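Engineer: Here are the chains, one letter per residue:
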Amino acid sequence: MSAPTYAFKGPSAPPSSFPTASSLRIGIVHARWNTECIAPLVKGAVQAMKKAGVKEENIVVESVPGSWELPAGTQRLITAGQVQASSNVDDLMGATSLLDDGGNADASSQSSSKASRAAFDAVISIGVLIKGSTMHFEYIAQSCCEGLMRVGLDTGTPVILGVLTCLTEEQALQRSGVGEGAGVHNHGEDWGTAAVEMAEKCNRWGKGKVEAGGAKNYA
Amino acid sequence: MSAPTYAFKGPSAPPSSFPTASSLRIGIVHARWNTECIAPLVKGAVQAMKKAGVKEENIVVESVPGSWELPAGTQRLITAGQVQASSNVDDLMGATSLLDDGGNADASSQSSSKASRAAFDAVISIGVLIKGSTMHFEYIAQSCCEGLMRVGLDTGTPVILGVLTCLTEEQALQRSGVGEGAGVHNHGEDWGTAAVEMAEKCNRWGKGKVEAGGAKNYA
Amino acid sequence: MSAPTYAFKGPSAPPSSFPTASSLRIGIVHARWNTECIAPLVKGAVQAMKKAGVKEENIVVESVPGSWELPAGTQRLITAGQVQASSNVDDLMGATSLLDDGGNADASSQSSSKASRAAFDAVISIGVLIKGSTMHFEYIAQSCCEGLMRVGLDTGTPVILGVLTCLTEEQALQRSGVGEGAGVHNHGEDWGTAAVEMAEKCNRWGKGKVEAGGAKNYA
Amino acid sequence: MSAPTYAFKGPSAPPSSFPTASSLRIGIVHARWNTECIAPLVKGAVQAMKKAGVKEENIVVESVPGSWELPAGTQRLITAGQVQASSNVDDLMGATSLLDDGGNADASSQSSSKASRAAFDAVISIGVLIKGSTMHFEYIAQSCCEGLMRVGLDTGTPVILGVLTCLTEEQALQRSGVGEGAGVHNHGEDWGTAAVEMAEKCNRWGKGKVEAGGAKNYA
Amino acid sequence: MSAPTYAFKGPSAPPSSFPTASSLRIGIVHARWNTECIAPLVKGAVQAMKKAGVKEENIVVESVPGSWELPAGTQRLITAGQVQASSNVDDLMGATSLLDDGGNADASSQSSSKASRAAFDAVISIGVLIKGSTMHFEYIAQSCCEGLMRVGLDTGTPVILGVLTCLTEEQALQRSGVGEGAGVHNHGEDWGTAAVEMAEKCNRWGKGKVEAGGAKNYA
Numbered sequence: 001m002s003a004p005t006y007a008f009k010g011p012s013a014p015p016s017s018f019p020t021a022s023s024l025r026i027g028i029v030h031a032r033w034n035t036e037c038i039a040p041l042v043k044g045a046v047q048a049m050k051k052a053g054v055k056e057e058n059i060v061v062e063s064v065p066g067s068w069e070l071p072a073g074t075q076r077l078i079t080a081g082q083v084q085a086s087s088n089v090d091d092l093m094g095a096t097s098l099l100d101d102g103g104n105a106d107a108s109s110q111s112s113s114k115a116s117r118a119a120f121d122a123v124i125s126i127g128v129l130i131k132g133s134t135m136h137f138e139y140i141a142q143s144c145c146e147g148l149m150r151v152g153l154d155t156g157t158p159v160i161l162g163v164l165t166c167l168t169e170e171q172a173l174q175r176s177g178v179g180e181g182a183g184v185h186n187h188g189e190d191w192g193t194a195a196v197e198m199a200e201k202c203n204r205w206g207k208g209k210v211e212a213g214g215a216k217n218y219a
Numbered sequence: 001m002s003a004p005t006y007a008f009k010g011p012s013a014p015p016s017s018f019p020t021a022s023s024l025r026i027g028i029v030h031a032r033w034n035t036e037c038i039a040p041l042v043k044g045a046v047q048a049m050k051k052a053g054v055k056e057e058n059i060v061v062e063s064v065p066g067s068w069e070l071p072a073g074t075q076r077l078i079t080a081g082q083v084q085a086s087s088n089v090d091d092l093m094g095a096t097s098l099l100d101d102g103g104n105a106d107a108s109s110q111s112s113s114k115a116s117r118a119a120f121d122a123v124i125s126i127g128v129l130i131k132g133s134t135m136h137f138e139y140i141a142q143s144c145c146e147g148l149m150r151v152g153l154d155t156g157t158p159v160i161l162g163v164l165t166c167l168t169e170e171q172a173l174q175r176s177g178v179g180e181g182a183g184v185h186n187h188g189e190d191w192g193t194a195a196v197e198m199a200e201k202c203n204r205w206g207k208g209k210v211e212a213g214g215a216k217n218y219a
Numbered sequence: 001m002s003a004p005t006y007a008f009k010g011p012s013a014p015p016s017s018f019p020t021a022s023s024l025r026i027g028i029v030h031a032r033w034n035t036e037c038i039a040p041l042v043k044g045a046v047q048a049m050k051k052a053g054v055k056e057e058n059i060v061v062e063s064v065p066g067s068w069e070l071p072a073g074t075q076r077l078i079t080a081g082q083v084q085a086s087s088n089v090d091d092l093m094g095a096t097s098l099l100d101d102g103g104n105a106d107a108s109s110q111s112s113s114k115a116s117r118a119a120f121d122a123v124i125s126i127g128v129l130i131k132g133s134t135m136h137f138e139y140i141a142q143s144c145c146e147g148l149m150r151v152g153l154d155t156g157t158p159v160i161l162g163v164l165t166c167l168t169e170e171q172a173l174q175r176s177g178v179g180e181g182a183g184v185h186n187h188g189e190d191w192g193t194a195a196v197e198m199a200e201k202c203n204r205w206g207k208g209k210v211e212a213g214g215a216k217n218y219a
Numbered sequence: 001m002s003a004p005t006y007a008f009k010g011p012s013a014p015p016s017s018f019p020t021a022s023s024l025r026i027g028i029v030h031a032r033w034n035t036e037c038i039a040p041l042v043k044g045a046v047q048a049m050k051k052a053g054v055k056e057e058n059i060v061v062e063s064v065p066g067s068w069e070l071p072a073g074t075q076r077l078i079t080a081g082q083v084q085a086s087s088n089v090d091d092l093m094g095a096t097s098l099l100d101d102g103g104n105a106d107a108s109s110q111s112s113s114k115a116s117r118a119a120f121d122a123v124i125s126i127g128v129l130i131k132g133s134t135m136h137f138e139y140i141a142q143s144c145c146e147g148l149m150r151v152g153l154d155t156g157t158p159v160i161l162g163v164l165t166c167l168t169e170e171q172a173l174q175r176s177g178v179g180e181g182a183g184v185h186n187h188g189e190d191w192g193t194a195a196v197e198m199a200e201k202c203n204r205w206g207k208g209k210v211e212a213g214g215a216k217n218y219a
Numbered sequence: 001m002s003a004p005t006y007a008f009k010g011p012s013a014p015p016s017s018f019p020t021a022s023s024l025r026i027g028i029v030h031a032r033w034n035t036e037c038i039a040p041l042v043k044g045a046v047q048a049m050k051k052a053g054v055k056e057e058n059i060v061v062e063s064v065p066g067s068w069e070l071p072a073g074t075q076r077l078i079t080a081g082q083v084q085a086s087s088n089v090d091d092l093m094g095a096t097s098l099l100d101d102g103g104n105a106d107a108s109s110q111s112s113s114k115a116s117r118a119a120f121d122a123v124i125s126i127g128v129l130i131k132g133s134t135m136h137f138e139y140i141a142q143s144c145c146e147g148l149m150r151v152g153l154d155t156g157t158p159v160i161l162g163v164l165t166c167l168t169e170e171q172a173l174q175r176s177g178v179g180e181g182a183g184v185h186n187h188g189e190d191w192g193t194a195a196v197e198m199a200e201k202c203n204r205w206g207k208g209k210v211e212a213g214g215a216k217n218y219a
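Respectively, the protein sequence lines represent chains A, B, C, D and E. Counting in full-length UniProt numbering, the first sequence runs from 1 upward without gaps. Counting in full-length UniProt numbering, the second sequence runs from 1 upward without gaps. Counting in full-length UniProt numbering, the third sequence runs from 1 upward without gaps. Counting in full-length UniProt numbering, the fourth sequence runs from 1 upward without gaps. Counting in full-length UniProt numbering, the fifth sequence runs from 1 upward without gaps.
Be aware that one or more of the hints could be misleading.
Given that identical chains are not distinguished, each listed pair holds provided it fits within a single copy or across any two copies.
[Unchecked claim] Keeping only pairs whose Cα atoms sit at most 25 Å apart, straight-line, the calculated DSS-like set for lysine-lysine is:
hint, residue 1, residue 2
1, Lys51, Lys114
2, Lys207, Lys131
3, Lys55, Lys207
4, Lys131, Lys216
5, Lys207, Lys9
6, Lys55, Lys114
Bear in mind the hints are in silico, worked out from the structure with no lab data behind them. Small disclaimer: the values here were computed from a predicted structure and weren't measured.
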């Protein structure tokens with residue numbers, strides 16, 4: 001659409017800076033089907049978050065097999081962050097953490113001493129579904145979206161829907177920013193920015209702080 | 001339809017006045033996609049609420065990236081109002097509010113000393129979805145509506161669905177009141193009035209007060 | 001279908017009398033869109049309930065703007081009845097009711113001293129949706145039905161679905177009993193009877209009483 | 001499909017006997033629309049349960065107006081059984097049962113001294129929906145199925161879906177076992193057997209007993 | 001799709017080993033309709049889990065009549081494992097287990113002294129739905145998927161969707177690995193591997209352990 005001009009001030013532009021980004025911790029859970037799209041989408045999200053000021057070490061990337069597993073993976077990863085946050089408190093109290101037992105070498109946040117162990121401020125759930133000959137696409141897409149909405153509302157942690165629901169492979173590649181042309185755009189970048197914005201806003205709302213005076217823009 | 005005439009009195013007309021409007025606090029959460037429609041829709045809602053008697057400073061306007069984020073934004077904004085309301089109580093009790101720490105200059109309701117800090121009486125959730133070539137439209141629309149219904153029923157705070165689900169851009173512009181013609185109508189005005197009505201009725205119902213004698217109109 | 005005859009007794013006919021109807025309290029919440037259908041539908045429901053023995057003063061009629069608001073209105077009206085019922089108890093205990101503060105002249109059940117102040121035994125939710133050119137119809141209908149089902153199961157109060165989901169205006173008028181012809185039938189009458197039946201049965205089930213011996217009819 | 005033969009043992013056949021059937025108590029809730037199908041379906045379910053060993057007096061048959069009311073009816077009937085079960089306990093403790101007040105002559109399980117008053121082990125919810133000219137079919141079917149699934153998962157009591165969702169009357173009659181021909185099969189018989197099987201298995205699982213060694217059949 | 005090459009490291013490959021598999025306990029609940037597909041699908045899942053290191057005696061296989069019953073069966077089987085796990089604790093405390101009363105010879109995990117009695121780490125729910133002439137397929141598929149998603153999120157136990165939703169028998173056979181050709185693949189194998197992966201990851205997340213440094217792969 002071509003943007004009309006208004007006699008009123010109208011909605012504020014998207015946030016151009018994220019003052020608290022450097023202290024945010026954000027998770028990504030991605031499925032692995034259609035990896036040729038998943039890879040650039042995850043990269044787009046990571047790069048957008050880093051550009052917004054999120055520290056690379058505070059971005060956690062985990063995978064699940066397919067999009068059906070995204071809601072459970074997102075729910076459990078949010079829980080993992082809460083467990084870590086409460087075990088941090090234990091550390092401060094001098095308790096010996098039982099959580100170090102049986103840790104996998106490649107799966108411990110302790111490997112980076114600078115990384116945040118706070119609860120996640122947002123999670124991006126990334127998957128790519130492409131219509132096939134059965135009804136699998138429809139039921140997975142419906143269940144996945146419904147599940148992710150539930151997890152976001154159950155936990156109060158913003159969950160960004162990073163799931164492409166495409167009818168063709170070409171549509172999926174274009175939305176992953178693969179190839180050239182007017183229709184090519186990496187949606188992962190949008191999801192990364194949305195995660196940082198929602199993380200900041202939900203943190204602010206949680207403190208009882210709301211935008212004042214916004215209705216004046218529509219006078 | 002042409003309205004028939006009835007031998008019975010029939011349903012009461014929509015409320016023509018809103019006695020408690022000046023004390024209501026109402027939130028608007030809007031997505032930013034298709035801003036050329038969002039802007040007039042938000043304006044329509046704001047103007048209708050002011051016309052109904054809601055004070056401009058008691059209308060809070062916040063935005064989220066897209067319609068997927070509307071349910072979470074609505075849920076969190078309702079929580080924000082409840083936190084503010086309970087922190088008001090703290091103030092009266094002489095407690096030092098911890099909520100002032102780290103406040104953003106542009107995001108503090110303290111900037112207007114007259115503005116209400118009560119819990120929100122209703123929230124209008126505004127977004128504009130237009131059918132594209134993938135199935136994104138269908139899954140976002142479904143998830144968004146389902147999530148907003150859940151938030152309204154979970155919280156007991158009336159949530160007004162201000163989401164256009166259009167097949168063409170022209171449909172969206174017409175329903176945003178942009179352009180001229182018989183089909184052009186700013187739906188935001190309806191949402192604003194609906195929010196005030198539902199706020200008043202839900203407040204009344206919450207006090208155990210119901211309309212008596214209404215069945216006589218159908219005798 | 002033409003009804004076949006059975007060698008077994010088969011299902012019992014619909015109840016022909018409602019022994020407890022005179023003590024039931026039933027709410028109607030209706031939307032106001034397509035009022036030319038809403039009015040006769042509400043009348044049909046009211047008349048059917050009165051014919052079944054429900055007292056006119058024990059039928060409460062409230063309205064909300066549109067069908068989206070039906071689940072919240074139904075939920076809140078059920079709550080209103082529970083508040084009234086518990087405030088009755090307060091009265092008996094000699095407490096001064098705070099609920100009388102700020103009462104609206106037209107919205108107080110005290111205006112009829114004979115009217116029940118008990119919790120509602122059932123609520124009928126009435127709306128008329130007609131397919132338009134956008135997808136508004138589909139998402140409102142889906143959300144409304146899902147929300148009303150939730151409210152009924154959450155509260156344990158029977159909620160009758162009085163929502164027409166029509167593809168044409170003619171279909172809506174016919175099902176509202178407007179006009180003449182074989183296809184014309186006021187569905188509101190069915191909803192009224194269904195509300196009384198469900199109210200009685202749910203009250204009975206709530207006391208642990210079930211029909212005994214019904215399986216003998218299928219021997 | 002023609003059944004292939006396997007080099008492995010494969011899934012066990014459906015249960016051929018039901019050792020605990022004589023002590024089970026099972027409810028049927030049926031709608032009354034399209035009674036010419038409902039009647040044989042309920043009979044099919046009753047007969048199949050009796051054949052499996054359920055006592056006729058332990059099968060409770062109740063009706064609701066239409067399929068919309070099935071989830072609420074099923075939920076409330078499950079509650080009724082729990083109330084009865086707990087009032088039995090009261091009786092053993094010598095308490096005077098308040099539940100006998102206002103009992104209807106035709107609606108008291110006391111009329112059969114041999115009938116179980118335990119909580120229901122399963123409920124079969126039976127309705128017949130046939131596509132009409134509006135969207136009523138789709139929204140009722142969707143809401144009914146979703147509601148019945150919720151009731152089963154909320155209560156832990158197995159709920160069998162006995163709802164036909166047909167596009168023509170002929171389809172409904174065939175699936176009710178009415179008429180002759182290859183396509184004619186009374187689905188009620190399947191529902192009856194499924195209810196007994198699920199009742200036994202859920203009772204067993206509730207005791208922490210699971211089939212051991214089943215994976216050997218796939219070696 | 002042909003896999004592009006990336007200038008960045010990209011997502012990690014699926015796990016090639018499962019260090020904790022030998023201590024996992026995994027349930028399979030399968031429907032029995034279309035057994036010619038169910039049998040190879042269950043076998044594929046069992047074989048894949050054994051290949052990943054799960055012990056055969058720690059795989060429990062149970063059946064329910066049809067796909068409608070899968071969510072309830074999955075929920076109840078998860079409960080069964082929790083009951084067993086807590087009764088193990090009782091044993092250690094010297095309590096006499098009441099759970100042995102009335103045990104069926106073929107349905108007791110005691111028959112294999114080596115088998116785990118821990119809570120299930122994951123459950124695979126397997127069914128095969130094929131489109132017929134009524135709308136049964138659509139409503140069962142929708143309810144089944146929605147119910148399984150709920151059970152997974154309610155319990156925190158990963159539930160793998162092993163439900164084929166096919167438009168033709170040929171599609172179902174191909175996805176069950178029956179026959180020959182490029183399109184033939186036993187999806188049960190994928191489900192088995194997914195169950196082991198999700199079991200390990202959810203156990204790890206539950207301990208507050210997350211992958212560190214994953215965002216570096218997208219630099």
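Engineer: Work down the list of hints and note, for each, if the structure agrees.
Structural biologist: Hint check:
no., hint, in the structure
1, Lys51 x Lys114, "within (19 Å within a copy, 38 Å between copies)"
2, Lys207 x Lys131, "neither (43 Å within a copy, 37 Å between copies)"
3, Lys55 x Lys207, "both (23 Å within a copy, 24 Å between copies)"
4, Lys131 x Lys216, "neither (46 Å within a copy, 32 Å between copies)"
5, Lys207 x Lys9, "neither (28 Å within a copy, 39 Å between copies)"
6, Lys55 x Lys114, "within (10 Å within a copy, 40 Å between copies)"
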